Amino acid sequence: MRYLFLFFLWISHTSRSQDIAWEIAGIVFDEAGKALPSAAVYINNTSIGASTDKSGKFRITVPARYKKVELIASFVGYKPEVKHLLAAPGRTANVVFKLDINNVILEVVITGKRDKHWKRKWRIFQNGLLGDSPLARQCRILNPESITLNLDEQTGRVTAISDQPVLIENLALGYRVSFQMSKFESDGKKTFLSGYKFFESALLEDPDKKKKQVRNRDTAFKDSFRNFLVSLSRRKLDSYGFEIFTMKMTREFYLTKIPLQGEVASGNFAPVSADSICIFDQDKGHFILHSKYPLIVFQRKHYSSTSVFSDYPFKYSQIVLPNQYCTFTENGWLIAPNGITIHDAWASEGFAELLPIDYLPPGSDTVIPSIALIEYSGKVKWDTPAETKLPDVEIQQTVLDKEGLLQPDYKQDRAFVTPDYTLTITESDRSGSIFDLLKRIPGLRVTYNEKSNEYRVHFVENNTNISADSNFDNTVALMLDNVFYSGAGTVVPMLNSINVSDLKSISAVRYGNSAGFGSRGGNGTLIVETKK
232 MRYLFLFFLW ISHTSRSQDI AWEIAGIVFD EAGKALPSAA VYINNTSIGA STDKSGKFRI
292 TVPARYKKVE LIASFVGYKP EVKHLLAAPG RTANVVFKLD INNVILEVVI TGKRDKHWKR
352 KWRIFQNGLL GDSPLARQCR ILNPESITLN LDEQTGRVTA ISDQPVLIEN LALGYRVSFQ
412 MSKFESDGKK TFLSGYKFFE SALLEDPDKK KKQVRNRDTA FKDSFRNFLV SLSRRKLDSY
472 GFEIFTMKMT REFYLTKIPL QGEVASGNFA PVSADSICIF DQDKGHFILH SKYPLIVFQR
532 KHYSSTSVFS DYPFKYSQIV LPNQYCTFTE NGWLIAPNGI TIHDAWASEG FAELLPIDYL
592 PPGSDTVIPS IALIEYSGKV KWDTPAETKL PDVEIQQTVL DKEGLLQPDY KQDRAFVTPD
652 YTLTITESDR SGSIFDLLKR IPGLRVTYNE KSNEYRVHFV ENNTNISADS NFDNTVALML
712 DNVFYSGAGT VVPMLNSINV SDLKSISAVR YGNSAGFGSR GGNGTLIVET KK
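Numbering (the working numbering), first residue to last: 232 to 763.
No wet-lab data here; the hints were simulated from the structure. As the structure is a prediction and not an experimental result, all values here were calculated from the model. There may be inaccurate statements among the hints.
As the list claims (entries may be wrong) - Below, simulated BS3-like cross-link-like pairs (lysine-lysine); rule was C-alpha separation at most 27 angstroms, straight line:
| id | residue 1 | residue 2 |
| --- | --- | --- |
| 1 | Lys299 | Lys314 |
| 2 | Lys314 | Lys515 |
| 3 | Lys288 | Lys299 |
| 4 | Lys414 | Lys479 |
Claimed, not checked - Using C-beta positions, here's what the derived DEER-type ranges look like:
| id | residue 1 | residue 2 | range |
| --- | --- | --- | --- |
| 5 | Lys442 | Gly498 | 31 to 41 angstroms |
| 6 | Arg354 | Pro592 | 54 to 64 angstroms |
| 7 | Arg322 | Ser732 | 47 to 57 angstroms |
| 8 | Ser732 | Pro268 | 24 to 34 angstroms |
| 9 | Pro268 | Asp469 | 49 to 59 angstroms |
In this text, a Cβ means the ideal position worked out from N, Cα and C, and glycines have one as well.
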């Protein structure tokens with residue numbers, strides 16, 4: 232009986248330790264060893280943080296549910312420093328930050344901010360950062376003078392850099408956001424951004440206006456990509472109003488709506504369950520969303536008159552996983568996006584709809600349910616090879632593509648498309664890479680840039696723009712196992728992920744035949760089949 236009592240005592244102590252908040256304490260120095268007062272120290276993507284005192288010291292209390300955190304220290308004119316910490320229940324984690332001067336920012340010459348292209352650049356930047364939903368009209372950037380914008384007139388792409396965190400006031404949701412921007416690129420359709428974010432609550436005092444802000448927060452969360460990931464991890468797609476299909480081929484439609492049922496009947500679309508595309512990695516403590524085909528997610532609680540599908544008038548978004556998987560946390564935050572591209576409805580999301588990780592919707596549990604509550608039965612095998620490793624990526628490194636995959640363009644009819652060249656694969660080819668194989672296709676140029684560690688693949692006849700710079704994208708399109716991809720950011724990573732030993736056939740379509748794949752096949756198309 233004594234041993235039984237001790238056993239229960241140990242269990243009780245263990246349970247309580249899981250619910251104990253923990254603390255982080257430390258100090259922030261500059262590169263000369265001088266303490267930095269008023270430096271910001273916060274947990275990335277949350278409203279949990281503090282400022283350093285006159286001695287450069289800080290202390291932060293972390294809720295028990297956060298087992299791992301990404302702690303950021305930043306100060307104007309210095310490079311932010313990041314530390315990854317594990318929870319220490321009942322103890323204090325002590326850290327020391329040493330910030331270096333941001334020489335990259337200092338070397339930027341602040342000129343031409345109001346040149347002839349300024350309005351165009353600002354419109355693309357603001358739309359890419361804040362999004363283009365109705366809530367974006369209630370957001371404003373408080374320090375636009377700190378932002379330098381550059382425009383590539385040839386590609387229409389805007390890049391941005393700031394010598395201090397970008398401050399965003401979101402009156403719709405009642406937040407003031409500090410965004411330490413590490414990268415921003417947008418052409419008005421595709422937006423890439425990454426950086427560190429800290430949220431401060433700024434709810435209005437007026438009761439009615441405050442109630443509206445709280446209501447907007449709830450709506451923004453329910454409609455978000457993050458909520459989709461949460462429902463996926465909890466296996467509650469139906470109750471959250473989501474329905475998922477895989478798409479074997481993304482098609483372009485000519486000014487007409489099509490029935491979803493027809494796509495399902497043809498085998499192009501296939502309904503999938505949460506279990507078939509999402510697993511939990513117990514060793515690493517995160518979830519894995521995986522699919523070799525693009526996914527289309529319908530939000531069944533939201534009617535949309537603009538839906539492409541005549542029998543499915545709901546909002547939808549499309550997800551492309553060029554490396555076949557991404558990883559995320561239990562509360563829907565991407566850890567390693569791994570090149571994920573999001574199209575359509577969720578591509579319109581920006582800071583106007585962005586909520587901190589520690590946001591809890593009304594009516595939810597005080598503590599976000601632990602991943603341990605989700606049923607899991609041993610190791611689960613999935614399509615991506617076991618040797619695949621997560622690349623070094625910046626947090627929240629995703630691409631938002633407003634253009635989408637399903638566009639009113641040309642009809643696509645592959646029945647009339649015949650390859651111009653078919654490559655013979657021999658046993659001796661198995662020891663090389665797929666890029667070595669592609670070099671044998673007549674007219675296809677494959678080059679490698681050692682500085683950027685990137686390949687370029689295009690037909691020489693398609694490089695008609697003689698003055699095109701290195702950013703000009705004439706990359707050949709790719710039809711991989713009946714799934715169509717286009718653009719260097721998607722095609723090259725997909726090619727790079729293919730093992731030669733898995734190849735069944737490679738053929739190339741060029742000249743006029745590529746029009747059979749629609750406008751996105753204008754640079755020629757590689758048709759690759761693997762052994763399934």
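So, going through the hints one by one against the coordinates:
Distance hint between Lys299 and Lys314 is fulfilled; the C-alpha atoms sit about 11 angstroms from each other, no more than 27 angstroms. For the proposed pair Lys314 and Lys515, the alpha carbon gap of about 18 angstroms is at most 27 angstroms, so the pair holds. With a C-alpha separation of about 22 angstroms, the suggested pairing of Lys288 with Lys299 holds against the 27 angstroms cut-off. The suggested pairing of Lys414 with Lys479 is violated, with an alpha-carbon distance near 33 angstroms, which exceeds 27 angstroms.
Restraint check, Lys442 to Gly498: a C-beta distance of roughly 49 angstroms breaks the suggested window 31 to 41 angstroms. The hinted window of 54 to 64 angstroms between Arg354 and Pro592 is violated, with their beta carbons roughly 33 angstroms apart. Separation of Arg322 from Ser732 is about 50 angstroms and conforms to the stated range, judged on CB atoms against 47 to 57 angstroms. One distance hint, 24 to 34 angstroms for the beta-carbon pair Ser732 and Pro268, is violated here, with the actual separation near 59 angstroms.
Between Pro268 and Asp469 the CB atoms are about 52 angstroms apart, so this pair conforms to the stated range of 49 to 59 angstroms.
Hint compliance for this structure: hints 4, 5, 6 and 8 are broken, all remaining hints hold.
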